[in-house]
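Visitor: Below are the chains, spelled out letter by letter.
There are 2 protein chains.
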Amino acid sequence: MKDQADRPLPTFEDVIAAHERIKPYIHRTPILTSEYMNKLTGAELFFKCENFQKAGAFKVRGACNAVFGLSDDEAAKGVATHSSGNHALSLSYAAGRRGIPCNVVMPRTAPQAKKDAVRGYGGIITECEPSTTSREAVFAEVQERTGADFVHPYNDPRVIAGQATCSREFMEQVEGLDAVIAPIGGGGMISGCCLTLSNIAPHVEIYAAEPEMADDAYRSFKAGHIIADDAPNTIADGLKVPLKENTWHFVSQHVTDILTASEQEIIDAMRLTWARMKIVMEPSCAVPLATILKNPEVFRGKRVGVIITGGNVDLDKLPWMAG
Amino acid sequence: MKDQADRPLPTFEDVIAAHERIKPYIHRTPILTSEYMNKLTGAELFFKCENFQKAGAFKVRGACNAVFGLSDDEAAKGVATHSSGNHALSLSYAAGRRGIPCNVVMPRTAPQAKKDAVRGYGGIITECEPSTTSREAVFAEVQERTGADFVHPYNDPRVIAGQATCSREFMEQVEGLDAVIAPIGGGGMISGCCLTLSNIAPHVEIYAAEPEMADDAYRSFKAGHIIADDAPNTIADGLKVPLKENTWHFVSQHVTDILTASEQEIIDAMRLTWARMKIVMEPSCAVPLATILKNPEVFRGKRVGVIITGGNVDLDKLPWMAG
Chain A
1 MKDQADRPLP TFEDVIAAHE RIKPYIHRTP ILTSEYMNKL TGAELFFKCE
51 NFQKAGAFKV RGACNAVFGL SDDEAAKGVA THSSGNHALS LSYAAGRRGI
101 PCNVVMPRTA PQAKKDAVRG YGGIITECEP STTSREAVFA EVQERTGADF
151 VHPYNDPRVI AGQATCSREF MEQVEGLDAV IAPIGGGGMI SGCCLTLSNI
201 APHVEIYAAE PEMADDAYRS FKAGHIIADD APNTIADGLK VPLKENTWHF
251 VSQHVTDILT ASEQEIIDAM RLTWARMKIV MEPSCAVPLA TILKNPEVFR
301 GKRVGVIITG GNVDLDKLPW MAG
Chain B
1 MKDQADRPLP TFEDVIAAHE RIKPYIHRTP ILTSEYMNKL TGAELFFKCE
51 NFQKAGAFKV RGACNAVFGL SDDEAAKGVA THSSGNHALS LSYAAGRRGI
101 PCNVVMPRTA PQAKKDAVRG YGGIITECEP STTSREAVFA EVQERTGADF
151 VHPYNDPRVI AGQATCSREF MEQVEGLDAV IAPIGGGGMI SGCCLTLSNI
201 APHVEIYAAE PEMADDAYRS FKAGHIIADD APNTIADGLK VPLKENTWHF
251 VSQHVTDILT ASEQEIIDAM RLTWARMKIV MEPSCAVPLA TILKNPEVFR
301 GKRVGVIITG GNVDLDKLPW MAG
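Residue numbers (full-length UniProt numbering), protein chains in the order written: chain A, 1 to 323; chain B, 1 to 323.
Just chain A, with the same shape it has in the complex:
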C-alpha cells in the first residue's frame, strides 16, 4: 500500500501553509497552568490542551492538512486509512468537513464505541481480521476499489506538517519556553515539534515521553536505528505503534532525550491531572507528567510546555478503577 512516505520530508514552509489551510477546521486550543503542579515538580508547566481539539485530539491537525491539501480531482475519490484510534476519528471528521468519503479499515474486534465514534463522524468502516496480513489485504482492496488517497497516521509528510502547527501555536501562546515534552508512539507529534522548533526556536529542548512497556522509541533512540516491537502492551494505548522512516528522521536528529514511565506512574499522573486540573484526558497524555515527576532534576526551574494530546477515553473503564 502506497503510504506517501516517498513524498519529500516536510519543511517549515509546509508547516506555515498547513496552518493557514487547517485554521478554519481546528481549535486554537487553550493553555492551562496549575500552581499545584508547579510546586509539585519545581518547574513552571504550561499544558496545551489538545484534548479540547476538534474530534478530541491533535490528530485532526494532520488529517485536515492532508484532506484539504488534495486537488478536487484527488479529493473526489476520498481518503482512506487503517486505524482504530484518534487518527480514524480525525480523518473522518476532516473528510466530512470537505464532503468527501473516508474509508477506514478496522479490526472487527475493535471496541464498538470506537466504531460508533468513527461512524458518528461519517467514516465508512471496512472490517478486517485482527492481523497485519488481513489488514494489509483488506486495505489494498479498499484502496484499489476506491482510488482513495492513503493518509498514514503519522509517517505521511502532510500529517507531520499538520501536527507541527501545534508547537507553532504553543510558541505563540507562551513566551520563553525552555523545553517541550509530548508523548511518543509513532512519532507524528514529536516530529512536528522537531520540525517547528528546529526552525523557529532551536534552543528549546524537546523531550519525548514513552511507557516503559512500549519503549521501542527509547530503545531506537539509544541504539541509533529503528527498533519495532511486535505487540507492546500498555494502558497508554495510543502509543503502541513503532517509529517509521520519516518520524525517525526527525526524532533521531532533534530530540533531546526520551524518558519512560511505568504503568502505575502513568495511572497516578493521569488521576492527579484529572483531580487537580479538572480535565479529561487519555492515559497517553499522562506519560509526560509521569516522566517529569520521575526526573525532576531534568526540568527543575525550567518553563516546560506539556502537550496534552487527546481526550478520547472510555469513561466506563478508568484505569484507577480497574480490578
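Just so you know, the hints here were simulated from the structure itself, not pulled from any lab data. Quick caveat, the model's predicted, so the values are computed rather than measured. You may find that some hints are simply not true.
[To be verified] These stretches of chain A come out as covered by chain B in the derived footprint (C-beta under 8 Å, 3 or more residues): (1) 9-17; (2) 277-288; (3) 311-321.
[As the list claims (entries may be wrong)] Under the rule of at most 30 Å between Cα atoms (straight-line distance), these lysine-lysine pairs were calculated in the DSS-like manner: (4) K77(A) x K39(B); (5) K39(A) x K317(B); (6) K23(B) x K317(A); (7) K294(A) x K77(B); (8) K23(B) x K39(A); (9) K115(A) x K317(B); (10) K294(A) x K294(B); (11) K115(B) x K115(A).
[As the list claims (entries may be wrong)] In silico contact screen, one side only, chain B against chain A (beta carbon under 10 Å); selected entries: (12) A275; (13) V280; (14) L318.
The C-beta atom is built at its ideal place from N, Cα and C for all residues, glycine as well.
Let chain A serve as the given structure and place chain B on it in line with the hints.
Guide: Here is chain B on its own, set in the frame of chain A:
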C-alpha cells in the same frame, strides 16, 4: 451564631470593589464552546469554567472577598464557617493566602477526602455530630473561643458580591448573551448573577437550574416565600441547602425562571459533558445542561451562558458507574 446577614445587601459598587480585591487570588476562568452541544440543543452555548477556578470552584470568589475585606485587626482573629463542601475549601484557601487561621466545623461523618482537602489548604477542622444542634453548639464554641469572623457559605453579603464577579467576567468575555443559567442551591451564585446583570445587562434572562429531588428553590419561587426542606437527597450534593433571606431577595426579584431535572437527566448530562467537552465537573454543574436539554423551546436560537460551578468530584465514585 452571627452570620453577617444583618449587613446591608450588596450593591454593584460592592461587586466592582470585590473584583479589584480578589483579582490577585483568583483565575479569570476561560470560556469553552462545543459545536456538538450547540447542535444538540439548538442554542449557542458558552461554558464559563469555574471548575478550573482556584480551589476548584466559584466559591473562592466570595471567600476571598470576605477574607481580604477584613481589617488587619479583624483578620488577626481568623475566619470560621461550617461546611463540608467547596466553601470550606475556598475559605481555607483564601485564609491561607492572607496568612490567617480558618476554622471549619464539619460533621465527623464527612468523607475523609473532604477533610484531607480542607487540611491541605491549611484549614483547621473542628468536628461535630451530624446534626444541626451539634453543629450550632460546636460552631458557637469555636467562634466564642477564637473571635473569628463568620463567613456564611451564601447568605453573607460579602460572599454574594464576590460570586457576582463571575457573571461580570462572563459579560466581558462573551458579547450579546441572551440568557445566563447556573445551578441553584443556597442561591449565592444565582444572587450574584442577579446583582450583576440587573445592573449592567437587565435584558439578559437569568435561569436557575435545580434537581427535582431538592427543588425547594423552585417551590419557593412558585409560592412566593422561602420553603426549606429538611434533608433533600440528590446526587448534586452541592445543591441541598435552602435559600436564605439575602439570596431570596435577589432570586425573588430577578430570576426569570427556575427549571428542574431528574437524577438520571443530571447524570446523563454530566457524562455527556465529560465525554464531549473533556472537562471534569461536579454533578451540580450538569443540572443547567440537563434542564436546557429538557426545555429546548426556552433556549432555542439564544446565546446562553452556562456556569460550570466546580470540579471537586470523587473520581472513585462516578455516578454512571454506581451499582
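Visitor: Three or more residues of the segment 277-288 of chain A near chain B by CB distance under 8 Å?
Guide: holds (count 5)
Visitor: Need the status of pair K294(A), K77(B): alpha-carbon distance at most 30 Å?
Guide: This hinted pair is violated, its Cα atoms lying about 42 Å apart.
Visitor: May I ask you to test the interface hint for A275(B) with respect to chain A, counting a Cβ-Cβ separation under 10 Å as satisfied?
Guide: holds, 6 Å
Visitor: Within a Cα-Cα threshold of 30 Å, do K23(B) and K39(A) meet the stated pairing?
Guide: holds, 21 Å
Visitor: Is the coverage entry for the segment 311-321 of chain A by chain B consistent with the three-residue Cβ rule at 8 Å?
Guide: holds (count 6)
Visitor: For the pair we were handed, K23(B) and K317(A), check the Cα-Cα distance against 30 Å.
Guide: violated, 39 Å
Visitor: Please check whether the segment 9-17 of chain A has three or more residues whose CB lies within less than 8 Å of a CB on chain B.
Guide: violated (count 0)
Visitor: So, V280(B) near chain A? Judge it on the closest CB pair being under 10 Å.
Guide: This interface hint holds because 4 Å falls under the 10 Å limit.
Visitor: With a cut-off of 30 Å on the C-alpha distance, tell me whether K115(A) and K317(B) pass.
Guide: The given pair, whose Cα atoms are some 28 Å apart, holds under the 30 Å limit.
Visitor: Would the pair K115(B) and K115(A) pass a check requiring their Cα atoms to be no farther apart than 30 Å?
Guide: violated, 43 Å
Visitor: Holds or violated: L318(B) as interface residue toward chain A, Cβ cutoff 10 Å?
Guide: holds, 7 Å
Visitor: Between the alpha carbons of K294(A) and K294(B), is the straight-line distance 30 Å or under?
Guide: Violated, because 47 Å separates the two Cα atoms, which is more than 30 Å.
Hint compliance for this structure: hints 1, 6, 7, 10, 11 are not met, and every other hint is.
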